[in-house]
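Protein sequence lines, in the order shown, are assigned to chains A and B. Quick note on numbering: the first sequence equals residues 787 to 1053 in my numbering. Quick note on numbering: the second sequence equals residues 1362 to 1818 in my numbering.
For the record, the hints were derived by calculation from the structure and aren't laboratory data. Think of the CB as a built atom: it goes at the ideal place given N, C-alpha and C, for glycine as much as any other residue. A hint or two may mislead.
One side of the interface only, derived from the structure: several residues of chain B facing chain A at Cβ under 10 Å [stated by the list, open to error]:
1) I1491
2) F1579
3) L1583
4) D1587
5) A1683
6) M1685
7) P1687
8) G1688
9) D1702
10) T1799
11) W1803
12) L1805
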Amino acid sequence: MALVTLKPYKEPELYLECNNISPDAFAGKTAAEISELEVREGKTRVLLGDYFEVSGKPGDTAEETDIHIAGDCSRIKYLGTKMTAGSIKVDGNADMYVGGWMKGGKIHITGNVHSFCGIAMEGGEIIVDGNAENYVGSAYRGDWRGMRGGTIRIRGNAGNDIGTFMLGGTIIIEKNAFIHVSTHAEGGCVIIKGDVEGRVGGQMVKGDIYVLGKIQYMLPGFKKIGTVEKDIDGVSASFNHYIGDLGERHPRSKGKDIYANLFVMAS
Amino acid sequence: MPKWITQVGCPYCGSSCDDLEVLVSDDGRKVLETRNACVIGNEIFHHASSPNRPTRPRMRQEDGTVKEITYDEAIDYTAKALLKAKKPLIYGFGSTNCEGMSAVGRVAEKAGAVLDNCASICHGPSFLAIFDNGYPSCTLGEVKNRADVVLFWGCNPMHAHPRHTSRYSIFPRGFFTTKGNMQRTIICVDPRETDTAKLADIHLMIDQGHDYELFDAFRTVLRGHDIPDVVAGIKKEQILEAAGKMKNGRFVMIFYGMGCCHTDGRNHNVDIAISTTRDLNSHTKASIMAMRGHYNIAGPGQVWSWQFGFPYCVDLSRGTHAHMNPGETSSIDLAMRDEVDCFVNVGTDAGAHFPIEAVRHLKKHPFITVDPNICMASEISDLHIPVRVVGVEEPGVVYRMDNVPIQFKKVIDGPDGVPSDEELFDKVYERMCELTETEPIWILNRGHAHGSSTAEQ
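Chain B with its partners taken away, still in its complex shape (with noise of 0.2 Å):
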């Protein structure tokens, strides 16, 4: 008999929902219906069963087709594909979970290679500015239950991050906010009417690639000094009734999306972003929060953070230690100027995501794909390696949007043979030190760590 999987966690947007609840075959092999999911998450679930789905790598022929190969030899061909190159690019982990994370860390610090994550093209900016200004955040819990004026700016849950607005933003009822939408003051601030601008008490439709002069209004504003009658195509009263809402409020929460961290002035946005939270906060509480895309791409930053210091852009080849600075170790900054000579996709789809230009440069040399899906990135690949779909097949840590870590499910399982991420790259891992006559002591140190007794024996 099929049956019902509760409090499932779902693999697509940064709100990360972990209430979801799927009806799985009797044989535990196909998700028949779900429930609380939103139309996106919902099909996510349904796409791990279709029968047109890769389950073994495939390997690109001279003349341009494509072979079925074994894993043996995808994984052979990465390795020695990796070893070879001076600077590997190892790009992506939009989707997959912190576990696949750390073994890709351990494989890109045996190969010299740059490790990069999808923040490179989405929120990076948003760490340049928080290295610069710091992060006055909070959880959603606390958004839910305390925020009553809340501000969306250059982002569109109600479309980007379906569930974000009933679950913690616009909706709920919480501790503090016991009325829901009632109690909360919603202000977009949007070149567009989008259909969360449509929801907003105050809609400020500002000059594309001006956020960063309203922002200096609204502090300039909130220190008491005047400012000129229109900035960036505001009106000054619509500046004040904004900036007066928000003293006013008990608790600001400010979201910031791509319409923010994405036009001219990238992280000085966010960074200016961040100073008018901290200068809110000499008036009532204020938090700020980044509106992560995918449902793990805060993954990254918390994992390479611990391993080497830095959450993306980490350049590894100097072998001694690791060092970032995005404009020179960035995915498209690299393949743009030349600079790597093997690139490893993971879990993404960079050939969508990147521009033309900087995937011509890239298919110069070895490009591997290692993704569950046919995509683009895939279609173009020397190989394509697919894997397990995590949070559908395969369990593993994620990070939510505001940071808090869920463990996330597996309903069904996946196709014979398909590894996941994790048991992939530390099979690549281990080929490579085999190739290089070196112990694989990572390898080695997990079983210590597990308390497994490969390492003793």
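The shape of chain A in the complex, shown without the other chains (with noise of 0.2 Å):
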């Protein structure tokens, strides 16, 4: 694997938008081929290398290409978004749409993240060691395709909106999470490890959602029935099964409802 460094030596006044940072866009240029490749702060067009130091040579390919940014990218929006293959590592905290429509390929950044990370993505995998804001695995406004496939995992807190709208794919919330978790979902599966305040699986049609912490406010949609030994991400334990949202429409199949399922660790 062929590795790019980017180090960031300036601050951009406003935010940058860096859809060209994926490894889709390096593969195949030299480093002074890549500080050239246009960003936007605003309406102003810059290059990457006004504010990235670049080194190293990517691969031929999205998959040879590995991205490691040597710093803090709290003010870089769009990092890794649409890509198909290869990484991107990122020392520090990443702003929005981080894996935005991903494809493929692994993205880890080591801070926090801001909203709309892995918004609508279909494939690869994102690892935030830090928290993240809203909208983890959502769906795009108004677009009833929501996350398809990957896997998201943010190993601190999480906001509202986790995958909102989502058709498949696994998120895992390692910590809490605010309100709203896979509404209007008609696949996927959303594991919260830590507490939820409320709103678990509203409007939702199919799908699971794991809760091994506590659900503060219930959904009077969800209706329990039973108790389930479960194995959840290195976590054996007893949950109350519950299957809702009992408002929502549901699709039949062999002369059964389908339901979404929600299980919450038994206390």
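Each of the two chains sits in its own frame; use the hints to bring them together as a complex.
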């Protein structure tokens, strides 16, 4: 694998929109060519090299390209957007849209991410060591086709709107989440290892949610149907099994109504 | 002799009443009296004749005082500030006409600005829910003539839309509602006992911030499933009673306000309200409507959707296409994250409505207010440009809360030399074209559209 290192040396006045920081855009270019890639700060066009020191050489294809950003990206948007292969590692925080519309490859952020991390993701893996703000693995506004595949792991807390309109893939929040998990979802799996305030599975048609902590306010549309033993992300425990959202439409298959499943760890 | 002008539109709330009568002085420069208006609407007409109104742009000086300047200087300053900024934000439009909004759209495109309206801090979540889930709505005329079960969720029209209940929702006698309020069942969902709640047959005093759970309970009940004994602080029996009234109604109308779309969950509360409306339609006829705040706050949604494809939070900074994603391109988020470097406040009061931290960030950069009156935003601005009052001194098209366009009239002449929003922003656009040595294509095209000869000459 060929490694390209970007070292931020100047903080932008506003925020940089860097759709170009991805193995797909870097592959087959020289360090000098990468420095010449155009990014945006508001309405002005600037060059990647104006803000980052580029070294190393990418591979010929995205698969063979690893990107290491040796510094904080708190004011950098769209890292790894639409990437299909390769990897990106950031030593620090990243701003909005990390791995948005991502199709493959791996992103590792050692700090926190802002909102819209993994929005409309289709494949690949995102690991965030810190916290995430809102809309982790959510759909874009007005789109009924949310996250379709891949894995997002947030090692810290997350805000609201996790997996809205989700169709597939897995989201793991290792600490607590605020509200609205898998709203409108029709597939996929969300695992919250901490507590959630409420609105878990609202308007949910299909899919699974696991909550290893507590849900403060349970939705009235979820009904307990039993208790099951499960092994979830390295934790074996007994879970209360709920189905729902009973207020929402549900498909029928082989003479049976298909519901979404909510598993809450039995205390 | 003073004369009465009839069928005047009222530039106050989203009800956009168009049955006002206004008595104007001989010289057509002063409003003497109004009929049919609510107290607030009445005040707006009298306010226009206030002797304390500014009639020239006022520029902040280095020592903090303000100095009157000419309109040409103000236009030049605004054009230069917009061109210099990397990402200007133009926000407001609660109280202006569609012509003004369209002119600002042309300026924003030229400036590569973010264009946002008061929906951003008001019914913006409703837009997001509508994108996600549709909008089974109707006109206020249909409410008046058909609705026999009216639900007010987190809104208080008795205070915020004073004539709403008498013109459309509770009291009027309509074609199928000949007995007026005797025939209507009123349900109010509000954590407080508001004056609207006092009028209701059923008042569900919900725990604040649990709207989503209560909607979910209604939906679960409507599909024949059981619910817990208490949801969101409301007893199961009350929920069943209210759900029964709605199912048995001939036409159910849900009006919702900030209490629904600005508690936790925001767009999701509206989203599930829309789903509830859809569910109700398998039992009876049901419709839903946002209680839009200002008389033409539905206007920017209409105008900019036509111009750019999005109703609010329109980021035009890319120059090639419009981008919209509230949370990123919404005014408060942009301000709080220090993402804009010039702010133009048009026909609203960001100084009063924004969080103080957001205003502090915006104040680091040029801050311009375009508004007929003195307001908190005008008093902290670097430049305040007064304009004519729409609906009083300036006619124009406005969109009522049900998205019905209404042509508003002018009743008196504005102060001498004071332009309308449209005139002002067209001049800003022309000045920007001069400064960038580009052709003012929109002005030329508008000449064609109006059939005027300016473009052909």
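Structure-based check of all given hints:
1. I1491: Since chain A brings a Cβ to about 8 Å from B:I1491, closer than 10 Å, the hint holds.
2. F1579: holds, 8 Å
3. L1583: Cβ of B:L1583 sits 7 Å from chain A, so the hint holds.
4. D1587: holds, 8 Å
5. A1683: Hint on B:A1683: violated, closest Cβ of chain A at ~13 Å, above 10 Å.
6. M1685: holds, 7 Å
7. P1687: This hint holds: B:P1687 lies near chain A, its Cβ roughly 7 Å from the closest one there, short of 10 Å.
8. G1688: Constraint on B:G1688 satisfied, holds at 6 Å.
9. D1702: Nearest chain A Cβ about 7 Å off; hint holds.
10. T1799: violated, 15 Å
11. W1803: With Cβ-Cβ at 18 Å, over 10 Å, it is violated.
12. L1805: Cβ of B:L1805 sits 23 Å from chain A, so the hint is violated.
Hints 5, 10, 11, 12, counting from the list given before, are not met by this structure.
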